[in-house]
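Every letter in the sequence shown is one number past the one before it in this note's numbering, and letter 71, counting from 1, is 71.
These aren't lab readings, by the way, just hints derived from the structure by calculation. Do not take every clue at face value.
[To be verified] DEER-style ranges, computed between Cβ atoms: (1) Ala-49 to Ala-162: 38 to 44 Å; (2) Pro-40 to Gly-74: 34 to 40 Å; (3) Ser-94 to Ser-130: 23 to 29 Å; (4) Asp-141 to His-70: 19 to 25 Å; (5) Gly-50 to Ala-27: 31 to 37 Å; (6) Ala-162 to Arg-86: 21 to 27 Å; (7) Asp-129 to Ala-26: 30 to 36 Å; (8) Ala-42 to Asp-168: 37 to 43 Å; (9) Ser-152 to Arg-86: 26 to 32 Å; (10) Arg-108 to Pro-31: 28 to 34 Å.
Using N, Cα and C, we set each Cβ at its ideal position, and we do this for glycine too.
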Amino acid sequence: MSTPHVVVVMGVAGTGKTTIGPLLAAALGVPYAEGDDFHPAANIAKMSAGTPLDDADRWPWLDAIGQWAHGRAGLGGVVSSSALKRSYRDRLRSEAPGAVFLHLSGDRSLIEERMAGRQGHFMPTALLDSQFSALQPLEADEAGVAVDVSGSPEEITQRAVAALRRLDN
1 MSTPHVVVVM
11 GVAGTGKTTI
21 GPLLAAALGV
31 PYAEGDDFHP
41 AANIAKMSAG
51 TPLDDADRWP
61 WLDAIGQWAH
71 GRAGLGGVVS
81 SSALKRSYRD
91 RLRSEAPGAV
101 FLHLSGDRSL
111 IEERMAGRQG
121 HFMPTALLDS
131 QFSALQPLEA
141 DEAGVAVDVS
151 GSPEEITQRA
161 VAALRRLDN
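The task is simple: from the sequences and hints, build the whole structure.
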């Protein structure tokens with residue numbers, strides 16, 4: 001990419017944001033920030049109990065991610081955030097106007113299978129339906145790309161790098 005972008009890796013739980021984010025950052029030569037680390041403890045407790053977050057829970061989390069992204073403007077970076085709704089992406093863009101989104105998307109059954117196999121994560125598979133019902137895919141006027149999550153993490157990352165490079169052409 002000609003100018004280092006700040007890339008927000010988005011998608012429902014289980015799409016591989018935490019796996020692909022660091023691989024993408026390494027491929028682009030920029031730092032990675034784990035979006036889950038920006039959640040206050042109350043949000044993690046709520047999700048661990050199987051309760052979906054509401055927008056009031058999400059605003060401070062999105063603002064913190066947006067502030068990190070703003071600090072990386074012109075330098076590049078990769079950060080993960082579900083960013084499921086347009087209003088959430090708008091909130092992130094209000095802090096970091098140049099951010100671009102990488103939507104990791106895929107078949108629900110594949111994502112559920114991957115979620116069931118992961119260890120030590122606070123998001124239970126029971127919340128997957130609420131994630132899919134909240135998901136609003138990127139719209140034509142939003143800077144970003146969608147990449148399918150089938151295949152290995154390396155294959156997904158290669159597709160992501162290629163798709164992001166096409167944004168600059």
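Tested hints:
1. Ala-49 to Ala-162: 38 to 44 Å: holds, 40 Å
2. Pro-40 to Gly-74: 34 to 40 Å: violated, 29 Å
3. Ser-94 to Ser-130: 23 to 29 Å: holds, 25 Å
4. Asp-141 to His-70: 19 to 25 Å: Roughly 21 Å apart at Cβ, these two residues keep to the hinted range, so it holds.
5. Gly-50 to Ala-27: 31 to 37 Å: holds, 35 Å
6. Ala-162 to Arg-86: 21 to 27 Å: Check passed, 25 Å falls within 21 to 27 Å.
7. Asp-129 to Ala-26: 30 to 36 Å: holds, 33 Å
8. Ala-42 to Asp-168: 37 to 43 Å: holds, 40 Å
9. Ser-152 to Arg-86: 26 to 32 Å: holds, 30 Å
10. Arg-108 to Pro-31: 28 to 34 Å: holds, 32 Å
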